[in-house]
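Chains A and B, in that order, give the protein sequences. Mind the numbering: the first sequence is residues 239 to 550 in the numbering used here, read in order. Mind the numbering: the second sequence is residues 552 to 874 in the numbering used here, read in order.
For the record, the hints were derived by calculation from the structure and aren't laboratory data. There may be inaccurate statements among the hints.
Here are the in silico distance ranges between beta carbons for each label pair [as the list claims (entries may be wrong)]:
(1) B:601 <-> A:533: 39 to 49 Å
(2) A:454 <-> B:758: 41 to 51 Å
(3) B:580 <-> A:349: 32 to 42 Å
Within a straight-line C-alpha distance of at most 20 Å, the following computed EDC-like cross-link-like pairs (lysine to aspartate or glutamate) qualify [as the list claims (entries may be wrong)]:
(4) B:670 <-> A:283
(5) A:537 <-> B:744
(6) B:579 <-> A:452
We put the CB at the ideal spot given by N, CA and C, even for glycine.
Below are the chains, spelled out letter by letter.
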Amino acid sequence: MGPLSERITIQMSTALSHLSPEKIAEIELHSKIARRKKRWNDFLEMVGNHSVLIVLSVIFIMPLYLVIVISLMNKGQAETRSIWPSPFMWHNYLDVFTAVPFLKWTLNTLFVSVMGTIGVVVSSVPPAYVLSRLQWRGRNTTFVIILGTMMLPGQVTMIPVYIIFSKLHWIPSFLPLIVPSFFSSAFSIFLLRQFFTSIPDEISDAARIDGCSEFKLMMRIVVPLAKPAIAAIALFAFLGSWNDFFGPLLYLVENEDLWTLGIGLNAFQGLHHVQTNMLMTASALFMAPVIIIFFFSQKVFIEGVTLTGVKG
Amino acid sequence: MQITNVMASFSPRKRREGALAPARKKLKVPYVFIFLCMSPWIFGILFFTVYPMVTSFYQSFTKFNLIDKPEWVGLENFHRMFFEDSDFWLALKNTVWISAISIPLRIAFAMFTAWVLTKPKRGSSIYRTIFFLPSMVPTVAASMVFTYIFNPAYGPINRGLEAIGIKEPPFWFMDPKWSKWGLILLGLWGIGDTMIIYLAGLLDVPKSLYEAASLEGATPWQSFRYVTLPMMTPVIFFSFVTGVIGSFQYFTQAYVASGQVNDYSHSMYFYATHIYFTAFRAYEMGYASALAWVLLVITLICTLIILKTQKRWVHYPNGSLFK
Numbered sequence: 239m240g241p242l243s244e245r246i247t248i249q250m251s252t253a254l255s256h257l258s259p260e261k262i263a264e265i266e267l268h269s270k271i272a273r274r275k276k277r278w279n280d281f282l283e284m285v286g287n288h289s290v291l292i293v294l295s296v297i298f299i300m301p302l303y304l305v306i307v308i309s310l311m312n313k314g315q316a317e318t319r320s321i322w323p324s325p326f327m328w329h330n331y332l333d334v335f336t337a338v339p340f341l342k343w344t345l346n347t348l349f350v351s352v353m354g355t356i357g358v359v360v361s362s363v364p365p366a367y368v369l370s371r372l373q374w375r376g377r378n379t380t381f382v383i384i385l386g387t388m389m390l391p392g393q394v395t396m397i398p399v400y401i402i403f404s405k406l407h408w409i410p411s412f413l414p415l416i417v418p419s420f421f422s423s424a425f426s427i428f429l430l431r432q433f434f435t436s437i438p439d440e441i442s443d444a445a446r447i448d449g450c451s452e453f454k455l456m457m458r459i460v461v462p463l464a465k466p467a468i469a470a471i472a473l474f475a476f477l478g479s480w481n482d483f484f485g486p487l488l489y490l491v492e493n494e495d496l497w498t499l500g501i502g503l504n505a506f507q508g509l510h511h512v513q514t515n516m517l518m519t520a521s522a523l524f525m526a527p528v529i530i531i532f533f534f535s536q537k538v539f540i541e542g543v544t545l546t547g548v549k550g
Numbered sequence: 552m553q554i555t556n557v558m559a560s561f562s563p564r565k566r567r568e569g570a571l572a573p574a575r576k577k578l579k580v581p582y583v584f585i586f587l588c589m590s591p592w593i594f595g596i597l598f599f600t601v602y603p604m605v606t607s608f609y610q611s612f613t614k615f616n617l618i619d620k621p622e623w624v625g626l627e628n629f630h631r632m633f634f635e636d637s638d639f640w641l642a643l644k645n646t647v648w649i650s651a652i653s654i655p656l657r658i659a660f661a662m663f664t665a666w667v668l669t670k671p672k673r674g675s676s677i678y679r680t681i682f683f684l685p686s687m688v689p690t691v692a693a694s695m696v697f698t699y700i701f702n703p704a705y706g707p708i709n710r711g712l713e714a715i716g717i718k719e720p721p722f723w724f725m726d727p728k729w730s731k732w733g734l735i736l737l738g739l740w741g742i743g744d745t746m747i748i749y750l751a752g753l754l755d756v757p758k759s760l761y762e763a764a765s766l767e768g769a770t771p772w773q774s775f776r777y778v779t780l781p782m783m784t785p786v787i788f789f790s791f792v793t794g795v796i797g798s799f800q801y802f803t804q805a806y807v808a809s810g811q812v813n814d815y816s817h818s819m820y821f822y823a824t825h826i827y828f829t830a831f832r833a834y835e836m837g838y839a840s841a842l843a844w845v846l847l848v849i850t851l852i853c854t855l856i857i858l859k860t861q862k863r864w865v866h867y868p869n870g871s872l873f874k
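Given only the sequences and the hints, what does the whole structure look like? Please build it.
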C-alpha cells in the first residue's frame, strides 16, 4: 500500500471505471460549473468589498478635496457652494502670506514643535531604559503609576500649573510649552518601554561582562537598536505640538507675535480684512506638512499606534 | 494584540525567564544610574502632577482670582455648582449627550472600517492610508474646514445632500439641534488612529478559529458574533475607557466650531469649555478647580463602573492587568 494520495487515486479510478464515459463527462462538467460558480462568487465578493471601500474612501477624502478646491477659488465663488474652482486662484497661496503673518505663525509653531520634540526624546529614553532593561525594586509600581498618569485628565493639574508659570512670569512666552516636555512624557516612556523590552537581554549581558557601563550600554547598544521606536515617539511628539491648540491658547494668546498656526487660524475670522476663502488656503497650508510627514513615515506611525494602542 | 501583551507582562508567570536566572541576581543594581535616568520623570511628576493636584484640591475649597490670596470658603463652590450654576448643568448635559452617542458610534465605525479593510486580497494598504489620513489633520484645521463645508449657505456638503434627494438638509453647526451631530461627524472623520488599533486586533484573531467556525457551519454573521466580537472585546474595552476619559476633555473642536458660528444657545458648550471659561476668562480659579475635581470624580466613577462590568463581557486570552 502506497501513501494516502496514491491510494485515493487508485480507489477513484476503480470507482470511475464502473461508470460510462458519458457519466464521467457529466461529472467533469458539473465540477467545472461549480468551479466557475465559485470563481464568479469570489469575483462578486471582491466587487462588493471594493465598492464598500471606495465609497468609504470618497467620504474620507471629500473634506480634504473640498479644502483644496475652495482654497483655489476667489472670494465670490468660495461662497457659492461650488466644487470646482474657476478661475484657479493660485495666487491665494501667496496672498495668504501677506494677508496675515502666516510665515511668523509657521516659524513659531515649528520652533515650539521642534524644541518640544527634542525635550520629549531626551527625557523619555533614560526612564524607559531603566524601566525595561534593569531589574530593581519598585519598577513595576513605577510603571503602573506612569500608566495611571496617562489616564489623568489634564484639567485637574492645568490651573496650578498655569499659576506656577504666571509666577515665573513665563506667560506669554514659549517656555510653558517647551519646558514641561523636558520632564518626560508618560506616553513616550510607555511606547519606548514596550519596544525596549523586545530587545533580547543577551545583548546587554554580553556587553556587561565586557565591562561596559550602563550609560554606554544604553547609548551605544539599546538606542541604536530602538531607532524605529524613537522615531515614532519623536513623530508623535512633533505632531502633538504641531496640532496642539489648548496650550498655545493658554500661554500665547496675549502676545500676537508668539501666535502659532492653530491660534492664528482660529482668530482668522476676527481679522476683518481677510477674505473667508483664505481660511481654506491657510487650513490647507496648515495641514500640508503633517500630511507630507505622514506619507514619508506611514510605517513608523502605524507601528507606533499598534505598539501602544493609543495615539499621543 | 499588544494591549493584552502589556497586561500579561504583569502576571508573574509571564515574566521573561532571563529575570529568574541566578547569574543575573549577582549583578549589582546601579541605583544611582537608575535615579539619574528616572529624574526627569520624578521631577516632572512632582512639579506638574503631584504639586498641582494637591494645590488644586485645596483651591477647590477657596475663592481665588489669581491676584489675591485664596480665601477659604468651605463647600461653597460645590454648592454653587450643583444648585446655582445652570451653565454647569448645561455643560454636563451636553457632554453626557455627545458621549452617549459618539462613543458607541466611534467604536462601531472603527470596527466596521477595520473589518472591511481585512476583506480584500489586494490594495487594502491604499484604503488604509486614505482612512488613516484625516486623523492626522490638525484639530483646529479640521474643525475650521468642517464648519465651512457644512455651512448651509456656502458649504458644498448640503448641495451634495440636496443632489441625492434630501430636500431640506440640516443647518449643521448653525442649528443648535444639529451642531452636535456636526461635531460627531467631525470625530468620525478622524477615526483613523482608533481604526488602526482595531485592524491590528482583527488581524490578530487566529485563523483556526474562523476555520473551526466554518466547519461547524457558522454563517458569516455567526462567525462575527461568536468569534470576532469576543476576541475584540479587550480592544473595545480599551477604547471604551479612553473614550469616556477623552469625552470629558472634549474642547478644541467645540471651541473652534462655536467660534466660527454664533452658538448663541450654547449647544456646543461642554464640560471642558465650562472649566476653560471659568478659569481663564472669568479668572475664578477656585471654582474652576472645584469643577476640575468633579470632572475627575465623574471620570473615575465611570471608569470604575466599566472596570466592574468587564468581567462579564471582556475576554482576555492571556490574562489581564486589571483582573
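Evaluated hints:
Our hint of 39 to 49 Å for residue 601 of chain B and residue 533 of chain A holds, since their Cβ atoms are close to 41 Å apart. Between residue 454 of chain A and residue 758 of chain B the Cβ separation comes to about 45 Å, which falls inside the hinted range of 41 to 51 Å. Between residue 580 of chain B and residue 349 of chain A the C-beta distance comes to about 40 Å, which sits within the given range of 32 to 42 Å. For the hint pairing residue 670 of chain B with residue 283 of chain A, the CA-to-CA distance comes to about 9 Å; that is within 20 Å, so the pair holds.
Distance check on the hinted pair: residue 537 of chain A and residue 744 of chain B sit about 13 Å apart at the alpha-carbon level, within 20 Å; holds. For a cut-off of 20 Å, the pair hint linking residue 579 of chain B to residue 452 of chain A stands: about 11 Å separates their Cα positions.
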